Amino acid sequence: MKKLLQKIAKKSPWLYRINAGSCNGCDVELATTACIPRYDVERLGCKYCGSPKHADIVLITGPLTARVKEKVLRLYDEIPDPKVTVAIGVCPISGGVFRDSYAISGPIDNFIPVDVNVPGCPPRPQAIIDGIVEAIKIWETRL
Amino acid sequence: MTNFVQLILNLLIFPGGLFAVALGLFLMGIDRKIAARLQRRVGPPVYQPFIDLVKLTRKEMVVPGTAHLQAFWLAPLLGFAGMMAAVTLIPIAGVYQGFKYSGDLLVLLYLLALPAIALMIGGSASSSPFGAVGFSREMVMMMSYELPLLVVLVTIALKVGLATGGIATFSLSEIVQFQLENGALLFDYTMLPALLAFLVFIPGNMGVVPFDIPEAETEIVEGPILEYSGTGLALFKLMTSLKMIVVLGLAIALFFPTPLGKNFLVNLLWFFLKCLVLMVIAITIVRTSTGRVRMDQAFKFYLRYPTVLALISLVLTLLQR
Ligand code: SF4
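Residue numbers (my numbering), protein chains in the order written: chain V, 1 to 143; chain Z, 1 to 321.
These aren't lab readings, by the way, just hints derived from the structure by calculation.
Treat the hints loosely; a few may be bogus.
[Stated by the list, open to error] 20 Å max Cα-Cα, derived DMTMM-like pairs, lysine to aspartate or glutamate:
#	chain 1	residue 1	chain 2	residue 2
1	V	2	Z	60
2	V	47	Z	60
3	V	11	V	81
4	Z	33	V	81
5	V	3	Z	60
6	V	47	V	140
7	Z	33	V	42
In this text the structure is predicted, and so the values were computed from the model without any measurement.
Take these sequences, add in the hints, and give me the full structure.
Right, here's the structure in full:
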């Protein structure tokens, strides 16, 4: 029974975006992934939601600047379990073009468990969708 | 005793309860699919709302520390229960009679206000500032669409009441009976403005795009339901899908209840088809082809066009007698 529910539930991952100080390049790509018919993610059952309380898959962009750190951590705690984190872009991995800047406290996985990395500056929509599919597989085991 | 058992069955299985929930969720799935196709996307499968519900029941429930607990949990239950009761009042011609009770239209009118009130209670109990903004917007929305609805209902009550020799009848089953004998009100030219007004009322009541101001997710991050997660959110989703059945069913009962022959199943399918067509016209197309308006614009719009249209119908009805 639990297995069956798991199988059903995994088809409805709701996405939530956190901008941890990104340059907006990755966010534009996320918007493309969502809005342009060619890359429609709704066919996977995904839905972008406005509230962290409704989220299942968290998409984090940006290098985690020092100013935004506290807020991102708080937001992350508010997201109900089970959740999966996907880091979009090269910024969350290493800081990308902002590496060694005095203003960033990233890489993000020092603070939050990151499950999937989607490298690229910015990554292509196809890569983001691939990352989401990867994340759904991980999410299923946690449901 | 049998009456009581039947009432419970009506409430829990058919046409309320299970049947209405399934129908509402299915209609919502079709709505999402059609909206996606209109935007040239593939879209989710039509059973997506069911999946969403299963998913939501498996999520953790987070309650904000500063929320008022009782009111926070009471709100979704209240809305859901109110809509469950409201569905049983909707007659489906040739399938289900509704209640043979002389004031059911008035009861329905009050029950229809419950979802908005539930959202308001939930929004303000969640202690989130977005919830509070959602609360005030929901209130203004309710005040603006309630007036045209009221005028439409009074018009129809007068029309049927005058034609059957009384003054006004607020019994939904009598209104349906009248239409079964004298032809649907849809084909009566005096009722056309009222029908238009009702069509405009539907997106406002359902809170879909041009009038989704209380739950604008890009402005106030879904307002009242912002703080709900897991089962609480699932209850709100169920409430919305039931509300859709109530609103569409009410429109069908008021304007076009005509059944198709005597067969139970055929009539049920016919009802479903009417719901579907009405939903596509009044919700899906409107939702995909417009952008959100501002609160004051919505308020003025509702007080201007639908109200005036409904009043025209009222005057025509009174002149006709
Ligand atoms: S990865 Fe590149 S595009 Fe994305 S936020 Fe960082 S710098 Fe911008």
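Notebook entry, point to check: If you draw a straight line from the CA of residue 2 of chain V to the CA of residue 60 of chain Z, is it 20 Å or shorter?
Noted result: Holds, because 16 Å separates the two Cα atoms, which is no more than 20 Å.
Notebook entry, point to check: Holds or violated: residue 33 of chain Z with residue 81 of chain V, Cα cutoff 20 Å?
Noted result: 28 Å, violated
Note to self: Run the distance test for residue 3 of chain V versus residue 60 of chain Z: straight-line Cα separation, threshold 20 Å.
What the structure shows: Given pair residue 3 of chain V, residue 60 of chain Z holds - Cα atoms ~18 Å apart, limit 20 Å.
Note to self: Between the alpha carbons of residue 33 of chain Z and residue 42 of chain V, is the straight-line distance 20 Å or under?
What the structure shows: 10 Å, holds
Next item on the list: Would you check the hint for residue 11 of chain V and residue 81 of chain V, treating anything up to 20 Å between C-alpha atoms as holding?
Entry: 16 Å, holds
Checklist line | Straight-line alpha-carbon gap residue 47 of chain V to residue 60 of chain Z, limit 20 Å | finding: 19 Å, holds
Check: Is the straight-line distance between the alpha-carbon of residue 47 of chain V and that of residue 140 of chain V 20 Å or less?
Finding: 17 Å, holds
Consistency note: the structure conflicts with earlier hint 4 alone.
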